Amino acid sequence: MRAVDVIGGRCVVTEVPRPVPGPGEVRIAVHAAGVNRADLVQKAGRYPPPPGASPILGLEVAGTIAEVGPEVTTWRTGDPVCALLAGGGYAEHVVVDARHVLPRPDGLSHVQAAAMVEVFATAWLNLMQEGGLADRPGATVVVHAGGSGVGTAAVQLCRLTGHPVFVTAGSDDKLARCRALGADGGANRHDGPWRHHVQAWRPDGVDLVLDPVGAAYLGDNVAVLAPDGRLVLIGLLSGRTAELDLGLVLSRRLRVQGSTLRSRDAGFKASLIRALRTDVWPHVDDGSLVPIVDRTFPLDEAEAAHAHVASNDTFGAVVLTVR
Numbered sequence: 071m072r073a074v075d076v077i078g079g080r081c082v083v084t085e086v087p088r089p090v091p092g093p094g095e096v097r098i099a100v101h102a103a104g105v106n107r108a109d110l111v112q113k114a115g116r117y118p119p120p121p122g123a124s125p126i127l128g129l130e131v132a133g134t135i136a137e138v139g140p141e142v143t144t145w146r147t148g149d150p151v152c153a154l155l156a157g158g159g160y161a162e163h164v165v166v167d168a169r170h171v172l173p174r175p176d177g178l179s180h181v182q183a184a185a186m187v188e189v190f191a192t193a194w195l196n197l198m199q200e201g202g203l204a205d206r207p208g209a210t211v212v213v214h215a216g217g218s219g220v221g222t223a224a225v226q227l228c229r230l231t232g233h234p235v236f237v238t239a240g241s242d243d244k245l246a247r248c249r250a251l252g253a254d255g256g257a258n259r260h261d262g263p264w265r266h267h268v269q270a271w272r273p274d275g276v277d278l279v280l281d282p283v284g285a286a287y288l289g290d291n292v293a294v295l296a297p298d299g300r301l302v303l304i305g306l307l308s309g310r311t312a313e314l315d316l317g318l319v320l321s322r323r324l325r326v327q328g329s330t331l332r333s334r335d336a337g338f339k340a341s342l343i344r345a346l347r348t349d350v351w352p353h354v355d356d357g358s359l360v361p362i363v364d365r366t367f368p369l370d371e372a373e374a375a376h377a378h379v380a381s382n383d384t385f386g387a388v389v390l391t392v393r
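Each residue of the sequence shown is one higher than the one before, counting from 71 in our numbering.
Honestly, the hints are just simulated from the structure, not real lab data. One or more hints might be untrue.
[What the hints assert, rightly or not] Label-pair ranges, simulated between beta-carbon atoms:
hint, residue 1, residue 2, range
1, Arg344, Leu314, 32 to 38 Å
2, Arg206, Asp335, 24 to 30 Å
3, Gly317, Asp370, 51 to 57 Å
4, Pro368, Gly78, 16 to 22 Å
5, Val82, Arg116, 44 to 50 Å
6, Pro207, Ser333, 30 to 36 Å
7, Ala123, Ala377, 52 to 58 Å
8, Pro125, Thr311, 24 to 30 Å
9, Arg393, Gly78, 34 to 40 Å
10, Val111, Arg344, 51 to 57 Å
[Claimed, not checked] SDA-like mimics (lysine to any residue), calculated; alpha carbons at most 20 Å apart, straight line:
hint, residue 1, residue 2
11, Lys339, Gly122
12, Lys113, Phe367
13, Lys113, Gly78
14, Lys113, Thr330
15, Lys113, Leu306
16, Lys339, Gly78
17, Lys113, Lys339
18, Lys339, Arg169
19, Lys339, Pro118
20, Lys339, Gly305
A quick note: this is a predicted structure, and the numbers were derived from the prediction, not measured. Ideal placement from N, C-alpha and C gives every residue a C-beta, glycine not left out.
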């Protein structure tokens, strides 16, 4: 099969053996694959796949079930699906744990479905579970990089669940589009410290900050949190080392939580996928939640897709078309 390999630090399409599903697994004929920031970090050699995972890039796909492995009774050949992966998505076929597969939502194309699983799984995990929003009705949220795939999913989930949300983004156009998705307020990160805008929005502090940026935002993240607030860190785009005012953490009883999804065990991911199917997918089916696709590229142009993601000019997800 055709798949993307990383050669000399660049994405190159090569021929590799087609994977075979084992017990509890299915093989998906991939029609489209989501492109995520993690793929760029892996290509740079700083984010190796978990033990046993495919070294091929790609954390989410959409397509059709091509083969069902032993012990699988939940899927049949030909079912239109999308799936959460630990790797392997930039290819014509991928093998995945059957428990990590979701039906392609009614009315969505393969491209749209490929832009949903990883970003909505990440947003749901870190808002509702790690961030505790499921138990805090009306809690206020700051989402950084609001125009990213995860950011656009997070804004929609906050709107759906009744949690006022403020975003930061890199342009006024992105802020306007985030507001159209349900954001209550926003700040352009190029227009000075975003902290002051958040403090004007909620002078007593916010309950949760979802941050993929890391070091550069740490001090301001802590400063805008209300007592018992939480910072959930999901990325390190600006670096991994920064000073932290532990006095604020102590006096306000703050929680600083690191969170990754890819390295979680199969059982945890299966539980998360069940939550998505129960609590998120019905709202996709009725149109309350929508995938935001910025642009598509053919598989042969995976390197160009990465350059587009790295440009920070995207709003929503970038998707590779495979078939």
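A quick look at each hint next to the structure:
A beta carbon spacing of about 36 Å between Arg344 and Leu314 agrees with the range 32 to 38 Å that was offered as a hint. Checked against the hint of 24 to 30 Å, the pair Arg206 and Asp335 passes, with Cβ atoms roughly 27 Å apart. Remark: the range hint 51 to 57 Å for Gly317 to Asp370 is upheld by a beta-carbon distance near 54 Å. For Pro368 and Gly78, the hinted distance range of 16 to 22 Å is satisfied, since their beta carbons lie about 21 Å from each other.
At roughly 19 Å, the beta carbons of Val82 and Arg116 sit outside the given window of 44 to 50 Å. Under the hint 30 to 36 Å, the C-beta atoms of Pro207 and Ser333, about 31 Å apart, fit the expected range. Against the hinted window of 52 to 58 Å, the Cβ-Cβ separation of Ala123 and Ala377 comes to about 25 Å, which falls outside the hint. Checked against the hint of 24 to 30 Å, the pair Pro125 and Thr311 passes, with Cβ atoms roughly 28 Å apart.
In this structure the hint that Arg393 and Gly78 lie 34 to 40 Å apart at CB is violated, the actual value being about 27 Å. Between Val111 and Arg344 the C-beta distance comes to about 28 Å, which lies outside the given range of 51 to 57 Å. For the proposed pair Lys339 and Gly122, the alpha carbon gap of about 15 Å is at most 20 Å, so the pair holds. The hinted pair formed by Lys113 and Phe367 meets the criterion: a straight-line CA distance of about 18 Å does not exceed 20 Å.
With a C-alpha separation of about 10 Å, the suggested pairing of Lys113 with Gly78 holds against the 20 Å cut-off. A distance of roughly 18 Å separates the Cα atoms of Lys113 and Thr330; the hinted pair therefore holds under the 20 Å criterion. About 16 Å separates the Cα atoms of Lys113 and Leu306, which keeps this hinted pair within 20 Å; it holds. Taking the CA atoms of Lys339 and Gly78, the gap is near 32 Å; set against the 20 Å cutoff, the hint is violated.
Taken as a hint, the Lys113 and Lys339 pair is broken in the structure, with Cα atoms around 24 Å apart against an allowance of 20 Å. Distance restraint check for Lys339 and Arg169: the Cα-Cα separation of roughly 8 Å lies within the 20 Å cut-off, and the hinted pair is therefore satisfied. Between Lys339 and Pro118 the CA atoms are separated by roughly 19 Å; this keeps the pair inside 20 Å, and the hint holds. Between the alpha carbons of Lys339 and Gly305 the distance comes to roughly 19 Å, so the proposed pair stays at or under 20 Å and holds.
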